[in-house]
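A.B. asks: What follows is each chain in one-letter form.
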Amino acid sequence: DQQVKQNSPSLSVQEGRISILNCDYTNSMFDYFLWYKKYPAEGPTFLISISSIKDKNEDGRFTVFLNKSAKHLSLHIVPSQPGDSAVYFCAASEGRGSNYKLTFGKGTLLTVNP
Amino acid sequence: SAVISQKPSRDICQRGTSLTIQCQVDSQVTMMFWYRQQPGQSLTLIATANQGSEATYESGFVIDKFPISRPNLTFSTLTVSNMSPEDSSIYLCSVGVAGTGQGYTFGSGTRLTVV
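Residue numbers (my numbering), protein chains in the order written: chain X, 1 to 114; chain Z, 1001 to 1115.
For the record, the hints were derived by calculation from the structure and aren't laboratory data. Some hints could be false.
What the hints assert, rightly or not - DSS-like, lysine-lysine: derived pairs with alpha carbons at most 27 angstroms apart:
{"#": "1", "chain 1": "X", "residue 1": "LYS56", "chain 2": "X", "residue 2": "LYS71"}
{"#": "2", "chain 1": "X", "residue 1": "LYS106", "chain 2": "Z", "residue 2": "LYS1065"}
{"#": "3", "chain 1": "X", "residue 1": "LYS101", "chain 2": "Z", "residue 2": "LYS1007"}
{"#": "4", "chain 1": "Z", "residue 1": "LYS1007", "chain 2": "X", "residue 2": "LYS106"}
{"#": "5", "chain 1": "Z", "residue 1": "LYS1065", "chain 2": "X", "residue 2": "LYS101"}
{"#": "6", "chain 1": "X", "residue 1": "LYS106", "chain 2": "X", "residue 2": "LYS5"}
Work out the full structure: start from the sequences and follow the hints.
C.D. replies: Right under this line is the structure:
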């Protein structure tokens, strides 16, 4: 049973436009959400996170929105750049601290075309 | 954030053999995590490795198949034992405690192909 779902396996956008990557979750106990970016032959790298007490977190070109009632979050990249082309994983956790663990989605392959 | 050196980066192994994957961290960390990413699937946590105690395995993973060592605060190994083609995956180690806003740091992964 997939608790974190990324229903779009791939997304293609033009350079300079907005990229919107979506993520849905089913576990109402999740209270912390993260996005990771992964290039081929590399491990995932942390991008941005959001706590359940917020509905938006922004870091430069990257903004994450959280809609708790809909159990939905999204990552916006504006403007998109060719170097943003990668697989993006959504992840969620139930808590913080030593028993903490992440549940990942399957990822969305973003391609930004020049 | 911590820097992780993971090796081997890839390997092709015969079924029935075992492979040990190593992760070296450039700083002392309490917890290390081992993940598996099967083709087309999400990253799945195999186990959590604490120094000085036995690893804690997630549902569906057992110590006999995936023995883990954690001899000190900067190093861990994961062994994939008695391999079959179904074990072909990317294996990743990770450190960090999320909830701090810093997220986890991952190694570059080991791409394992079992033939």
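A.B. asks: Which numbered conditions among the earlier hints are violated in the structure presented, ordered from lowest to highest?
C.D. replies: Violated: none.
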